[in-house]
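> Each chain, written out:
2 protein chains.
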Amino acid sequence: MASDFNILKQRIDEELARQDLAGQPAGLYDPIRYTLDAGGKRMRSVLVLLASRLFTDDVEPVLPAALAVEVFHNFTLVHDDLMDQAPIRRNQPSVFSKWSPNHAILSGDAMLVQAYSHLAQCDSSHLPHILKTFNKAALAVCEGQQMDMDFESSQEVGVGDYLKMIELKTASLIQLSMELGAVLGGASTEDIGALSRFGNHLGMAFQLQDDILDVYANTEKFGKKQGGDIVAGKKTYLYLIADQLSNNGMQSKLHTAFFSKELTDDQKIDEVTQIYNELKVVSQAEQKMQEYYDKALSCMEKISVNNEKKQDLLLLADRLMVRDR
Amino acid sequence: MASDFNILKQRIDEELARQDLAGQPAGLYDPIRYTLDAGGKRMRSVLVLLASRLFTDDVEPVLPAALAVEVFHNFTLVHDDLMDQAPIRRNQPSVFSKWSPNHAILSGDAMLVQAYSHLAQCDSSHLPHILKTFNKAALAVCEGQQMDMDFESSQEVGVGDYLKMIELKTASLIQLSMELGAVLGGASTEDIGALSRFGNHLGMAFQLQDDILDVYANTEKFGKKQGGDIVAGKKTYLYLIADQLSNNGMQSKLHTAFFSKELTDDQKIDEVTQIYNELKVVSQAEQKMQEYYDKALSCMEKISVNNEKKQDLLLLADRLMVRDR
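Going down the list, the sequences are from chains F and X. Residue numbering for the first sequence follows my numbering, starting at 1 and increasing by one per position. Residue numbering for the second sequence follows my numbering, starting at 1 and increasing by one per position.
There could be a bad hint or two in this list.
Identical chains share a label here; the pair holds if one copy fits it or two copies do between them.
[Stated by the list, open to error] The calculated EDC-like cross-link candidates involving lysine to aspartate or glutamate, where the alpha carbons are at most 20 Å apart (straight line), are: (1) Lys98 - Asp150; (2) Lys309 - Glu278; (3) Lys136 - Asp30; (4) Lys295 - Asp13; (5) Lys310 - Glu14; (6) Lys288 - Glu262; (7) Lys295 - Asp191; (8) Lys136 - Asp57; (9) Lys235 - Asp37; (10) Lys132 - Asp4; (11) Lys309 - Asp57; (12) Lys234 - Glu190; (13) Lys98 - Glu271; (14) Lys302 - Glu156; (15) Lys41 - Asp123; (16) Lys261 - Glu60; (17) Lys253 - Glu278; (18) Lys136 - Asp318; (19) Lys295 - Glu167.
Keep in mind that the hints were calculated from the coordinates and are not lab data.
Build the full structure now, drawing on both the sequences and the hints.
The following block contains the structure:
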C-alpha cells in the first residue's frame with residue numbers, strides 16, 4: 001500500500017510538473033509554479049485516484065479530475081494564507097509574503113481557472129455531472145472559509161456551528177475527491193452516493209484529528225509548531241468543548257488565557273493545554289473523531305465491490321487517522 | 001434596436017435577481033448580491049445573446065452562458081477594485097471598501113465559481129467546447145490584469161505591450177461573449193471563428209474608445225470623473241502615443257507632469273491634456289480605434305447570415321463606439 005500510494009502521488013507530481021507554467025507574465029505564473037512545486041502530500045488528488053480504482057484499473061482518464069482537485073486545494077491555500085495573514089506555508093514564505101497580496105489574489109484566481117481547465121479534460125460524457133459536483137464543493141469551501149473568519153470575532157460559536165464549518169471548509173473537498181473518482185471510475189449511482197458520504201465522514205474525522213494534533217502532536221513529525229491554533233486564537237473543537245464543559249471559574253480562566261494579550265505564546269499554550277488536560281477534552285474529541293470514522297467505514301461496507309479492492313483506500317484512511325502523533 | 005437591447009438587458013437583470021443569493025453566511029453572499037444589484041450595462045451578457053440571435057431565435061438556452069459571462073465580469077471588478085485600491089465602483093463604495101479586503105477576496109472567489117455554475121447549465125452537447133473557451137478567456141483576463149499591474153511600475157511599456165495587455169484584459173471577454181453566443185446558437189465552425197474575431201477587434205476598439213473618453217468625454221454622460229486615468233498614473237494608449245511622439249523637451253514635460261507628486265489632480269489633468277492636445281494624440285487613438293472597428297466589420301461581413309439579422313449586433317457595436325462623448 002505505502003508504495004502504491006507513493007506511485008500515485010508521484011504520478012500527480014509528474015503531471016503537475018508537466019503543466020505549462022513557464023508562461024508570461026511571470027508575476028502571474030511564478031507564484032503558481034512556486035505553490036505547486038512546494039510539495040504537499042497530494043492527499044486529495046491521490047484520494048480521487050484511489051476512489052476510482054475501486055471500479056476501474058485505468059487511472060489515466062481520472063487524472064484530470066485529480067489534478068483539478070489538487071490545483072483547487074492549492075488555490076485555497078494561496079488565498080487563505082492571505083486572508084489569515086499566515087506568513088509561512090510548508091516551511092516556506094506564503095505567496096502573499098514572498099510576492100505581494102495582489103500577486104496572491106491574482107495567481108490564486110488563475111489557479112482556480114486552471115483547476116477548471118484540468119476538469120475540462122475529463123471525458124465529455126461525465127462532464128455535466130462532475131462540473132456540477134465540483135462547483136457545489138467549491139462554493140461550500142468558500143462558505144466554510146467565511147464562517148471560519150466570522151468565528152474569529154464571534155463570541156457565540158457553538159460546537160454545532162463549528163462542525164458545520166469544517167464540513168463545508170474541509171470535508172466537502174474530501175467528499176468531492178471521492179465522488180469524482182467514483183463517477184469517473186464508472187460506479188453506480190448507489191456506490192457514488194456511498195463513497196461520497198464516506199468522504200464526508202472521513203473529512204470530518206480528518207479535521208478533528210488535525211485539531212487534536214495541533215495541541216498533542218509530536219511536533220517534529222507533524223511539521224507544525226505545537227499549539228499554533230491556540231496562539232492564533234482559533235476556536236477549534238478542543239476549545240469549544242472546553243468552553244462547553246467548564247464551570248464558571250474554569251471557563252473564565254480559559255477565556256482569560258485564550259484571549260490574553262499579555263501572556264507569551266508559550267505561556268498561553270501551557271495554560272490553555274493545562275485546562276484542556278483537566279477537562280479531558282482530547283478524549284471527547286477522539287470519541288467524536290471515532291464516531292465519524294466509524295460512519296465512514298460503514299459507508300464503505302455498503303459499496304458493492306469486493307473487500308480486497310477496498311484495502312488501499314481503507315489503509316490510506318487509517319493512515320490519515322493515526323498521523324504521526 | 002434600442003428597445004430590443006433593453007429587453008435583453010432586462011432579461012439578464014431578471015435572471016441575476018432570481019439567482020439564489022439570500023444564502024448564508026451573509027459575509028459571503030451580501031457582497032455578491034450588492035455587486036450584481038449595482039447595475040451596470042450588462043453589455044457582455046447582452047452581446048452573448050445578440051451573437052446567438054444571428055443563428056437562432058430562441059435565447060433561452062443561451063441565457064446560462066450570458067449569465068456566466070456577466071457574473072465573471074463582475075468577479076473581475078470585485079478583485080480588480082481591491083488590487084487597484086479603487087474605493088468607488090458605479091458611484092457606490094467598492095466591495096473591499098464597504099466590507100473588507102477579505103470579503104472582497106472570498107466573495108469574488110465565490111462569484112468565479114458561480115460563473116461556472118451558470119455555465120454548467122448549458123446543454124451538455126456544447127459543454128466541452130464552451131468550458132474550454134471560457135477557461136481560455138478567463139486565464140487571458142488574469143494575464144492581462146497582471147500585465148496592467150506590472151506596467152504601473154515599469155518604465156519600459158511600449159505601445160505593442162499595451163495593445164497585448166488590453167487584448168488579454170478586455171478584448172478576450174468580448175471575444176468570449178461572441179464565441180459562446182455563436183456556439184450555443186448552433187453556428188458553423190467558420191462563423192464561430194469569424195464572430196470570435198469580430199469580438200476581439202470590437203473589444204480592442206472599445207478599450208481604445210474608453211481611453212479616449214477618460215480624457216475627452218462629456219463627464220456627466222460618461223459617469224466617470226474626467227482624467228481619472230491621468231490622476232491614477234495609468235499608462236493608457238494616449239499616454240504611450242504621447243510618450244512616443246514627443247521630442248525630448250516635450251517628453252520630459254510629459255513625464256514631469258504625469259509622475260508629479262506636487263501637482264494637484266486638476267493641475268495634472270490640465271498639463272497632461274494640454275500635451276495630448278499639442279501632439280494630437282486623440283486623432284491617432286481614434287485612427288487606431290477605427291482600424292480595429294473596420295476589421296471587426298469585415299469579420300462580420302464574412303458571417304453567412306443575411307444582413308438584416310446582423311443589424312442588432314452592428315447597431316450595438318456602433319453604439320459602443322459613439323458612447324456619450
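> Each hint: holds or not?
A quick look at each hint next to the structure:
no., hint, result
1, Lys98 - Asp150, "between (27 Å within a copy, 16 Å between copies)"
2, Lys309 - Glu278, "neither (43 Å within a copy, 78 Å between copies)"
3, Lys136 - Asp30, "between (29 Å within a copy, 19 Å between copies)"
4, Lys295 - Asp13, "neither (31 Å within a copy, 45 Å between copies)"
5, Lys310 - Glu14, "neither (26 Å within a copy, 49 Å between copies)"
6, Lys288 - Glu262, "neither (33 Å within a copy, 64 Å between copies)"
7, Lys295 - Asp191, "within (15 Å within a copy, 55 Å between copies)"
8, Lys136 - Asp57, "neither (28 Å within a copy, 32 Å between copies)"
9, Lys235 - Asp37, "neither (31 Å within a copy, 35 Å between copies)"
10, Lys132 - Asp4, "neither (30 Å within a copy, 33 Å between copies)"
11, Lys309 - Asp57, "within (10 Å within a copy, 52 Å between copies)"
12, Lys234 - Glu190, "neither (38 Å within a copy, 57 Å between copies)"
13, Lys98 - Glu271, "neither (34 Å within a copy, 39 Å between copies)"
14, Lys302 - Glu156, "neither (38 Å within a copy, 64 Å between copies)"
15, Lys41 - Asp123, "neither (26 Å within a copy, 37 Å between copies)"
16, Lys261 - Glu60, "neither (53 Å within a copy, 58 Å between copies)"
17, Lys253 - Glu278, "within (12 Å within a copy, 74 Å between copies)"
18, Lys136 - Asp318, "neither (27 Å within a copy, 40 Å between copies)"
19, Lys295 - Glu167, "within (14 Å within a copy, 53 Å between copies)"
The structure shown violates the earlier hints numbered 2, 4, 5, 6, 8, 9, 10, 12, 13, 14, 15, 16, 18.
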